[in-house]
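Number of protein chains: 2
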Amino acid sequence: MSSYNVAVVGASGAVGREMVKVLAERDFPVKNLRLLATERSAGTEISFKGEKLVVEVTKPGVFHNIDIALFSAGSGPSREIAPMAVKEGAIVIDNSNAFRMEDNVPLVVPEINPEDILDHQGIIANPNCSTIQMVVALKPIYDEVGIKRIIVSTYQAVSGTGKKAIDELNKQVEQYLKGEKLEASVYPYQIAFNVLPHIDVFEENGYTLEEMKMVRETRKILHDPKIAVTATAARVPVFYGHSEAVNIETVKKISVDRVKELLTAAEGVKVVDDPENLLYPLALMSEEDDDVLVGRLREDISVEKGISMWIVGNNLRKGAALNAVQIAERLIQA
Amino acid sequence: MSSYNVAVVGASGAVGREMVKVLAERDFPVKNLRLLATERSAGTEISFKGEKLVVEVTKPGVFHNIDIALFSAGSGPSREIAPMAVKEGAIVIDNSNAFRMEDNVPLVVPEINPEDILDHQGIIANPNCSTIQMVVALKPIYDEVGIKRIIVSTYQAVSGTGKKAIDELNKQVEQYLKGEKLEASVYPYQIAFNVLPHIDVFEENGYTLEEMKMVRETRKILHDPKIAVTATAARVPVFYGHSEAVNIETVKKISVDRVKELLTAAEGVKVVDDPENLLYPLALMSEEDDDVLVGRLREDISVEKGISMWIVGNNLRKGAALNAVQIAERLIQA
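Chains as they are written, first to last, in our numbering: chain A, 5 to 338; chain B, 5 to 338.
Fair warning: there could be bad hints in the mix.
Said to hold, decoys possible - The list that follows gives simulated cross-link-like pairs (lysine to aspartate or glutamate, EDC-like), each with its CA atoms no further than 20 Å apart:
id: 1; chain 1: B; residue 1: K185; chain 2: B; residue 2: D204
id: 2; chain 1: A; residue 1: K274; chain 2: A; residue 2: D293
id: 3; chain 1: A; residue 1: K185; chain 2: B; residue 2: E308
id: 4; chain 1: A; residue 1: K185; chain 2: B; residue 2: E291
id: 5; chain 1: B; residue 1: K182; chain 2: A; residue 2: D293
id: 6; chain 1: A; residue 1: K182; chain 2: B; residue 2: E208
id: 7; chain 1: A; residue 1: K309; chain 2: B; residue 2: E291
id: 8; chain 1: A; residue 1: K264; chain 2: B; residue 2: E208
id: 9; chain 1: B; residue 1: K185; chain 2: A; residue 2: E178
id: 10; chain 1: A; residue 1: K175; chain 2: B; residue 2: E303
id: 11; chain 1: A; residue 1: K168; chain 2: A; residue 2: E187
id: 12; chain 1: B; residue 1: K309; chain 2: A; residue 2: E253
id: 13; chain 1: B; residue 1: K175; chain 2: A; residue 2: E178
id: 14; chain 1: A; residue 1: K230; chain 2: B; residue 2: E43
id: 15; chain 1: A; residue 1: K152; chain 2: A; residue 2: D228
id: 16; chain 1: B; residue 1: K309; chain 2: B; residue 2: D261
id: 17; chain 1: B; residue 1: K230; chain 2: A; residue 2: E303
id: 18; chain 1: A; residue 1: K152; chain 2: B; residue 2: E303
id: 19; chain 1: B; residue 1: K185; chain 2: A; residue 2: E55
id: 20; chain 1: B; residue 1: K35; chain 2: B; residue 2: E84
id: 21; chain 1: A; residue 1: K63; chain 2: A; residue 2: D31
id: 22; chain 1: A; residue 1: K152; chain 2: B; residue 2: E253
Bear in mind the hints are in silico, worked out from the structure with no lab data behind them.
Chain A with its partners taken away, still in its complex shape:
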């Protein structure tokens, strides 16, 4: 088997570190691994398969020998650096929002549209965390009976914002117990013991960008520009694991039993749905499970053909690092 020179850009962040871990865990055929970040993080040591690697500064020329560059550096840096990496010969798998909706950039969830990878022109985009876990759970139903409309409300973990937000929640909880004033800087308001119905910037239609990502990306991944999607994205005081309340309207009627059959057979999905024994997906469960967890499956009593469910996914892994590495795995098989 061939092996590849791989770079991780944004290696010291929450998702970047997870990318390094996932490359090791899944034994991705790495010849040489290069960890890149801004000057602020240069010098940081990160372990990879027992070896300590030092984070270097991303600068022109660093991608000359790189086959695959996994980016988790944010939209601004991606926009600036990814084209340079492509010019220097790397294929970029980008976790940011920078290129997702561009026509010549495939947006890929390997369980759903792996064939789109072949259309890349140097950049492949990793979808938004909230979108990935939702489409992984919905695709088997979509294929069987069609889906007309999706209504989703999210309960998103702070790790989706990055390491700074994890630290902020930790600090606020400490301040709370000490009876001190809770300080907010990453989020505009206290996140501890609160819910913020606001993720990413607001668009003109009153939705946030995070909500519109779920609308636009779902359509692109499913190759269905007409599917109706509405989302409300909220941040909750949880460290890891995004939860989603999802209601769908299907084209043809489908029973809950059939949905369970389909999801039980689906790749990347685990059905956790046994209310009698108090089994349903929990954010905490996602810390130890790479599958998308689906439960609370029931017929939506408010519509003729509808299903309600609760979807939980590990936002740093399947929602980001794992999906990116899975794209890389398909890429080298192609």
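Could you slot chain B onto chain A? The hints should help.
Frame of chain A, contents of chain B only:
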């Protein structure tokens, strides 16, 4: 003005204590206030208008002189004690689920259906906290253009479960910071840094009782047995304030601007909706505001005639104690 002998049953609980506070704050014309609870809480002292009142045991005969008894004792105790209180001459305003759906029991939100109070036969029911805040926000829209379908996902605070749950979240946060194992006893799983898609017991259709309360109670309060409602109720690690993501489909089209006008004029509602200035309802805001807070108002892009919004309410006050006292206020005006 007349004054009344009032009893609070379950006076030492989270809602019971709030009832005593609200009676004082709103200067309800109390002649004599009697605080009742189980033997376990008897002897507890609770202040009322500068006076220390001692909680007594609820037993036959205690309601003989009582005009109005506010119950927040749970469904089981209410089923047992409320009929006795009525026999002894009191009018019961019950905060539990025990009688809400009974035909001869009015289910009242004073801003919405105060006239139903007149039909009581001794017991008037206070709706579920999640239902109250939702219908207060939706009623002005319902009256203007009609509502066909409601899809709601809740983010509910632990205080809805009672004082024990507040203590449990506090304790788990302490255990977390000490690096100890987090112990759960009130909830089946850890609530700190987690989301539980499970409130109250499961019904046969896969919904929880909490979710079905929102379906059934909304229909009863609006006198609209046909309105389609689906709910997903989840518990989040928040002490006070329930948040709700609500999508509605209206009969006639309505603009966001018109919704804002209607809600700005509505009793018991405050519009908090200025995304440019990062203003939207927060669970924390409800600790200092008795109004139902509505924001994130936008046209639902997934349906021809729909509105999406974010609704926050103080679950102990408007969701319970305050609504009960407001019912009592209407009752004595009748």
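Which of the numbered hints above does this structure break?
Result: hints 1, 3, 5, 6, 7, 10, 14, 19, 20 and 21 break, sorted rising.
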